[in-house]
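Trainee: Sequence:
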Amino acid sequence: MAFIGSGAVGGGTLHYRGRSYPFKVGGLGIGGIGISRLDATGSVFNLRRLEDFNGVYGQARTGWAIGQHGKGEMWLQNANGVYLRLTARRRGLSLTLGADGMLVQLGA
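Quick note: the sequence shown uses our numbering, first residue 109, plus one each step.
One thing to keep in mind: the hints can contain errors.
[Unchecked claim] Simulated restraints, written as ranges between beta carbons of each label pair:
{"hint": "1", "residue 1": "Val164", "residue 2": "Tyr129", "range": "13 to 21 Å"}
{"hint": "2", "residue 1": "Gly126", "residue 2": "Gly166", "range": "13 to 21 Å"}
{"hint": "3", "residue 1": "Gly166", "residue 2": "Gly120", "range": "15 to 23 Å"}
{"hint": "4", "residue 1": "Tyr191", "residue 2": "Thr121", "range": "17 to 25 Å"}
{"hint": "5", "residue 1": "Arg127", "residue 2": "Gly150", "range": "15 to 23 Å"}
{"hint": "6", "residue 1": "Ser151", "residue 2": "Gly119", "range": "13 to 21 Å"}
{"hint": "7", "residue 1": "Ser151", "residue 2": "Pro130", "range": "17 to 25 Å"}
[Stated by the list, open to error] 20 Å max Cα-Cα, derived SDA-like pairs, lysine to any residue:
{"hint": "8", "residue 1": "Lys132", "residue 2": "Thr121"}
{"hint": "9", "residue 1": "Lys132", "residue 2": "Leu158"}
{"hint": "10", "residue 1": "Lys132", "residue 2": "Met210"}
{"hint": "11", "residue 1": "Lys132", "residue 2": "Thr195"}
{"hint": "12", "residue 1": "Lys132", "residue 2": "Phe161"}
Quick caveat, the hints were computed from the structure, so don't treat them as lab data.
Using N, Cα and C, we set each Cβ at its ideal position, and we do this for glycine too.
I would like the entire structure built from these sequences, with the hints used as guidance.
Mentor: Here you go:
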């Protein structure tokens, strides 16, 4: 039996109805190995009110990274029914296949 854990902290910017909103991200997960940096862009679905963006998102992911080359895709959903589809670029050395929980909070 094996357990491989991961952790993440970071942030980004949500562009919503012509304005930009900074947000923070923190989370824990299982099913990865290595060290890498993740830069992601994507789309938000089912966001009816700005405050619905906040919350804990469940995530399924796949991806890989070796040196400056890597890619992956993530789908996330929170309890408010908001979905995030992110396309990620990884740098470093990692292999991932697993699930995560991530807390997303508007504000810097």
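Trainee: All the hints need checking, so say for each whether the structure fits it.
Mentor: Quick rundown of the hints versus the structure:
1. Val164 <-> Tyr129: 13 to 21 Å: Holds, at about 18 Å.
2. Gly126 <-> Gly166: 13 to 21 Å: About 29 Å separates the Cβ atoms of Gly126 and Gly166, which means 13 to 21 Å is violated.
3. Gly166 <-> Gly120: 15 to 23 Å: holds, 18 Å
4. Tyr191 <-> Thr121: 17 to 25 Å: holds, 18 Å
5. Arg127 <-> Gly150: 15 to 23 Å: holds, 18 Å
6. Ser151 <-> Gly119: 13 to 21 Å: Given about 18 Å between the Cβ atoms, the range holds.
7. Ser151 <-> Pro130: 17 to 25 Å: The hint (17 to 25 Å, Cβ to Cβ) holds, given that Ser151 and Pro130 are roughly 18 Å apart.
8. Lys132 <-> Thr121: holds, 9 Å
9. Lys132 <-> Leu158: holds, 15 Å
10. Lys132 <-> Met210: holds, 10 Å
11. Lys132 <-> Thr195: holds, 18 Å
12. Lys132 <-> Phe161: holds, 11 Å
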